[in-house]
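Number of protein chains: 2
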Amino acid sequence: MPHSNYYGLILAGGRGTRFWPRSRRRRAKQVLEFFGAGTLIQQTVDRLKPVLPPDRIWVLTNDHLRAEIVRQLPQVPPGQILAEPVARNTAPAIGLAAHILQSINPDATLGVFPADHYITQPARFLRLVRPAFRAAGRGSLVVIGIRPRRPETGFGYIEFAPGVKPGEPRVVPVLSFREKPDLDSAKQFVEAGHFFWNAGMFFGRASTFLGALRDHMPRTATLLAHLPEFRNRRFAAKMRETFPLCENLSIDYGVMEKAKNVAGLAADDIGWNDVGSWEAVAELQAGDEQGNAARAEALFMDGSRNYVDAPGKLVAMLGVSDLIVVDMPDALLVADRRQAQKVGKLVELLETRHREDLL
Amino acid sequence: MPHSNYYGLILAGGRGTRFWPRSRRRRAKQVLEFFGAGTLIQQTVDRLKPVLPPDRIWVLTNDHLRAEIVRQLPQVPPGQILAEPVARNTAPAIGLAAHILQSINPDATLGVFPADHYITQPARFLRLVRPAFRAAGRGSLVVIGIRPRRPETGFGYIEFAPGVKPGEPRVVPVLSFREKPDLDSAKQFVEAGHFFWNAGMFFGRASTFLGALRDHMPRTATLLAHLPEFRNRRFAAKMRETFPLCENLSIDYGVMEKAKNVAGLAADDIGWNDVGSWEAVAELQAGDEQGNAARAEALFMDGSRNYVDAPGKLVAMLGVSDLIVVDMPDALLVADRRQAQKVGKLVELLETRHREDLL
Numbered sequence: 066m067p068h069s070n071y072y073g074l075i076l077a078g079g080r081g082t083r084f085w086p087r088s089r090r091r092r093a094k095q096v097l098e099f100f101g102a103g104t105l106i107q108q109t110v111d112r113l114k115p116v117l118p119p120d121r122i123w124v125l126t127n128d129h130l131r132a133e134i135v136r137q138l139p140q141v142p143p144g145q146i147l148a149e150p151v152a153r154n155t156a157p158a159i160g161l162a163a164h165i166l167q168s169i170n171p172d173a174t175l176g177v178f179p180a181d182h183y184i185t186q187p188a189r190f191l192r193l194v195r196p197a198f199r200a201a202g203r204g205s206l207v208v209i210g211i212r213p214r215r216p217e218t219g220f221g222y223i224e225f226a227p228g229v230k231p232g233e234p235r236v237v238p239v240l241s242f243r244e245k246p247d248l249d250s251a252k253q254f255v256e257a258g259h260f261f262w263n264a265g266m267f268f269g270r271a272s273t274f275l276g277a278l279r280d281h282m283p284r285t286a287t288l289l290a291h292l293p294e295f296r297n298r299r300f301a302a303k304m305r306e307t308f309p310l311c312e313n314l315s316i317d318y319g320v321m322e323k324a325k326n327v328a329g330l331a332a333d334d335i336g337w338n339d340v341g342s343w344e345a346v347a348e349l350q351a352g353d354e355q356g357n358a359a360r361a362e363a364l365f366m367d368g369s370r371n372y373v374d375a376p377g378k379l380v381a382m383l384g385v386s387d388l389i390v391v392d393m394p395d396a397l398l399v400a401d402r403r404q405a406q407k408v409g410k411l412v413e414l415l416e417t418r419h420r421e422d423l424l
Numbered sequence: 066m067p068h069s070n071y072y073g074l075i076l077a078g079g080r081g082t083r084f085w086p087r088s089r090r091r092r093a094k095q096v097l098e099f100f101g102a103g104t105l106i107q108q109t110v111d112r113l114k115p116v117l118p119p120d121r122i123w124v125l126t127n128d129h130l131r132a133e134i135v136r137q138l139p140q141v142p143p144g145q146i147l148a149e150p151v152a153r154n155t156a157p158a159i160g161l162a163a164h165i166l167q168s169i170n171p172d173a174t175l176g177v178f179p180a181d182h183y184i185t186q187p188a189r190f191l192r193l194v195r196p197a198f199r200a201a202g203r204g205s206l207v208v209i210g211i212r213p214r215r216p217e218t219g220f221g222y223i224e225f226a227p228g229v230k231p232g233e234p235r236v237v238p239v240l241s242f243r244e245k246p247d248l249d250s251a252k253q254f255v256e257a258g259h260f261f262w263n264a265g266m267f268f269g270r271a272s273t274f275l276g277a278l279r280d281h282m283p284r285t286a287t288l289l290a291h292l293p294e295f296r297n298r299r300f301a302a303k304m305r306e307t308f309p310l311c312e313n314l315s316i317d318y319g320v321m322e323k324a325k326n327v328a329g330l331a332a333d334d335i336g337w338n339d340v341g342s343w344e345a346v347a348e349l350q351a352g353d354e355q356g357n358a359a360r361a362e363a364l365f366m367d368g369s370r371n372y373v374d375a376p377g378k379l380v381a382m383l384g385v386s387d388l389i390v391v392d393m394p395d396a397l398l399v400a401d402r403r404q405a406q407k408v409g410k411l412v413e414l415l416e417t418r419h420r421e422d423l424l
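Respectively, the protein sequence lines represent chains A and B. Residues in the first sequence are numbered consecutively from 66, following the working numbering. Residues in the second sequence are numbered consecutively from 66, following the working numbering.
Hints were generated in silico from the structure; no laboratory data involved. One or more hints might be untrue.
Take a look, some chain B residues computed to stay more than 10 Å from chain A by CB distance [unchecked claim]:
1. Arg90
2. Arg92
3. Asn127
4. Ala152
5. Gly219
6. Ala226
7. Pro234
8. His281
9. Asn297
10. Phe300
11. Asp334
12. Gly341
13. Gln355
14. Arg370
15. Gln404
Lysine-lysine pairs mimicking DSS-like chemistry, simulated, CA-CA at most 27 Å apart [to be verified]:
16. A:Lys378 <-> B:Lys407
17. B:Lys410 <-> A:Lys410
18. B:Lys325 <-> A:Lys378
Ideal Cβ positions, reconstructed from N, Cα and C, are used throughout, including at glycine.
Go ahead and model the full structure; you've got the sequences and the hints to work with.
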């Protein structure tokens, strides 16, 4: 029986422009299906089910996406799927959720999970989530680190106490948080063996998070403390006033780096992927002998390592390699997969051209 | 006033699979628009207008295309747009037209033109068509050769009498026809200066063509001679019986190579292009500074020499070069432009898969 003080907070406010043309303001990455078996946010909720029943899931998103998320998560009470009035990064979001849950259950313990990551080994993942919740219930702030597979410079790193054994369901002290490093530092981190990717998963009692905010982000803590109770009919209006005044800081930077009571679990082989671009989607597909993969009926002739996303269409790829092709009724992307992370720049270009119809 | 014994025969039976996915059985290359200002067959008729009014244009095509061609050429009498019961190459087609026109006008002189070529300088072209008709009227079989721009091995060549001056509106003797040569021969042809590309344009009196057929393809000549008159109500049924028995030969190979009375005009700079593949279409477009061109709203980022055909759609090309992208509602082609001539093989593949919906 899942412990009734445990709550899941799914952070689903991201826009995910790098998945254009499939991603749009109202169809951001977290509400898209890439791998079958549901959209990323549906999979996020599904994989937590053994620990967190849907009625203890809360979601923070934005006005563009809320209706779609309510539709995709019929098992989650719609009153627990909230739209932030503005995007204010993770510290105010977690603080808001802690404020709400604290008023519902003074022993509430939160697990915070990004809505748009992918985990191929959910059972192994859960073997870490349970001890993370337990340690959080005892008063720690707890993180899950991912064993680095390469000297990635696009992620933050968590420095665990040396000697940490990845995969062991046991919390160990966290010594420091490192922001996105340069390549040399990233290489040293990977070599050292006790630095892990920060996957944006955090655990703590609502009261612990609120206390840490008071210590390290007092302005935000005060603003949140003056909100009425969640069930009060003035809550929504007051929140719309207050939330934009909160500091635009991540929980890592604003709180975790400075807090004393931080511990963590180091994941080994849970198959975590942040699905950062079409390149990541392509890598996660089982391709044919030439490394070609498709979510479409595709003919590949003389080419390799292509990924095609065009459901309902026949796509013929002739003499081309290393391409990402994404087809929508109103827009088509053809990109070198090694440049897939630049798709966000295309979206910026569309913004400067005021192509609201395609955003 | 155009001479009333002159008739145009537009050969429009080709399938043009190399323009898939835009080309289909019922939408072959000749009925597609690539360059604005009408489809290829519309442009073919339009450019002949100063010499041949539409009521003296005849078209030979197939059952798949006839309705579309009737629609595209409202100025041509529908009774002059005929569907061959089977494809039998150019010699029987020209013989059939000669048989029909001979019975309408014993002095009929035909100019034969492929429906699917492109000519950027129609006025210069017409300066050759008029003397070609005149020489044909006097009893010659006349061809127009195109000054070769490269040692192309995909075309046949016409050997003119040495000393021929390209662009001069004067017929000169033709010494030989050469089938598609190997590269060394093609290079020698270009260097020699009196070898010209065979563009499939032929001129002759109906009686001259019929006489040449009697001399060199007697079986076909006899079959055609036994057809009833065109206006006889048994013509269509009899033609369906007879035509498939004709020899499947080109007029070049079956007649022109062997005939004695062959003369020609050598074209210099009429901008002729056989539009053999998407690569040719791409080359004929005015691109931007990076050589990118589009029949679509296109965004090109970090790439050059791409061609995009996707009317009504926004297409973003990111970090890719030398691609042909052709989008249709049911199918999409992404090809290396240097391999564009292999698109026909894709269509063969679709045939083996019985994808009639896409053919």
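Each hint, compared with the structure:
no., hint, in the structure
1, Arg90, "holds (16 Å)"
2, Arg92, "holds (16 Å)"
3, Asn127, "holds (25 Å)"
4, Ala152, "holds (25 Å)"
5, Gly219, "holds (18 Å)"
6, Ala226, "holds (43 Å)"
7, Pro234, "holds (43 Å)"
8, His281, "holds (41 Å)"
9, Asn297, "holds (46 Å)"
10, Phe300, "holds (42 Å)"
11, Asp334, "holds (33 Å)"
12, Gly341, "holds (16 Å)"
13, Gln355, "holds (15 Å)"
14, Arg370, "holds (14 Å)"
15, Gln404, "violated (4 Å)"
16, A:Lys378 <-> B:Lys407, "holds (21 Å)"
17, B:Lys410 <-> A:Lys410, "violated (36 Å)"
18, B:Lys325 <-> A:Lys378, "violated (55 Å)"
In this structure, the hints that do not hold are numbers 15, 17 and 18, in rising order.
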